[in-house]
Amino acid sequence: MNVTINGTAHELPRGATVRQAVQKLTGVSGGVAVAVNDEVVSRGAWDSTALVEADRVEVLTAVQGG
Amino acid sequence: MTDIGVTADIGSVGMDDDFMIGGERFSSRLIMGTGGAPSLEILDQALAASGTELTTVAMRRLDPGARGSVLDVLRKRDIKVLPNTAGCFTAGEAVLTARLAREALETNWVKLEVIADERTLLPDPIETFDAAERLVADGFVVLPYIGDDPVLARRLEAVGCAAVMPLGAPIGSGLGIRNPHNIELIVEFAKVPVILDAGIGTASDAALAMELGCDAVLLATAVTRAQRPDLMAQAMRSAVGAGRLARLAGRIPRRRYAEASSPLNP
Chain G
1 MNVTINGTAH ELPRGATVRQ AVQKLTGVSG GVAVAVNDEV VSRGAWDSTA LVEADRVEVL
61 TAVQGG
Chain E
1 MTDIGVTADI GSVGMDDDFM IGGERFSSRL IMGTGGAPSL EILDQALAAS GTELTTVAMR
61 RLDPGARGSV LDVLRKRDIK VLPNTAGCFT AGEAVLTARL AREALETNWV KLEVIADERT
121 LLPDPIETFD AAERLVADGF VVLPYIGDDP VLARRLEAVG CAAVMPLGAP IGSGLGIRNP
181 HNIELIVEFA KVPVILDAGI GTASDAALAM ELGCDAVLLA TAVTRAQRPD LMAQAMRSAV
241 GAGRLARLAG RIPRRRYAEA SSPLNP
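Protein chains in written order, with full-length UniProt numbering: chain G, 1 to 66; chain E, 1 to 266.
If you are wondering where the hints come from, they were derived from the structure by calculation, not from laboratory data. Relax, there's no trap hidden among the hints.
Example chain E residues on the side facing chain G (calculated, C-beta under 7 Å, incomplete):
1) 34
2) 35
3) 56
4) 58
5) 59
6) 62
7) 64
8) 70
9) 71
10) 86
11) 99
12) 100
13) 103
14) 104
Yeah, the Cβ is synthetic: ideal placement off N, Cα and C, and Gly gets one too.
Build the full structure now, drawing on both the sequences and the hints.
Take a look at the structure:
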């Protein structure tokens, strides 16, 4: 299935979890937060939350600013 | 880091002058931003020189190629992180960004920043107020960045914001405090801390903010884009301390004519 991770199309196996999407970008989970279709998915739910076709996944972290 | 041996910390006159935001105590009244620093090393030196205990970061898409993190710098210096919602144009975007920051950084503090357009970066009062109400209801400690509007400041305090952060001038402009009268009015009415945010260009601007009665100053560009960020950080630390002391000391009234400081009679 196709999902969008941080604006880029990715192919993931059917039923892939949020954690699998995060692992496309990084191996660490500290300091990172995820939203799927503009809803926050807390770290504790990354393994139990399955993605579906065309989901928009945003993986954010802190950068210099303000 | 160059130590030029200048201190204006309030402790030098033996006074405890800590202040509270959202139930937490701070002894430094200089809140730093991290935007604009040429490298994490230079940022680290500047933050150390500033003596800050609270510093903002922005939330952006994870860059897998990024080396080092601003969070490592803050952690090393034991500086509390204050995530902002910079880059948001609507209340909805700001609320989502705050929630992501809470998840990523494990803090319910947020500098709420909802801008109206990219040319002025001026804060949108309507969207900011809407987001503030929603974030307070969601348990956040909300520090909103606002224009120098005493009425909006009061309204945001009334809905439960932990501080108000009026601008001195547009972000990054270095124009100083364009409307000191409004800043004084905000200070006069406020029961939450007033933090002068944005517009600071150099040390005298930071001192003026404190002389006007602000509880703290938030700045970034003036330090991070200075020729010597570490020196300017130390200058800002001294200026904030000096301005605070002057405020506590109580300045003399301005007079139209001279008042002799020496006896006039022989």
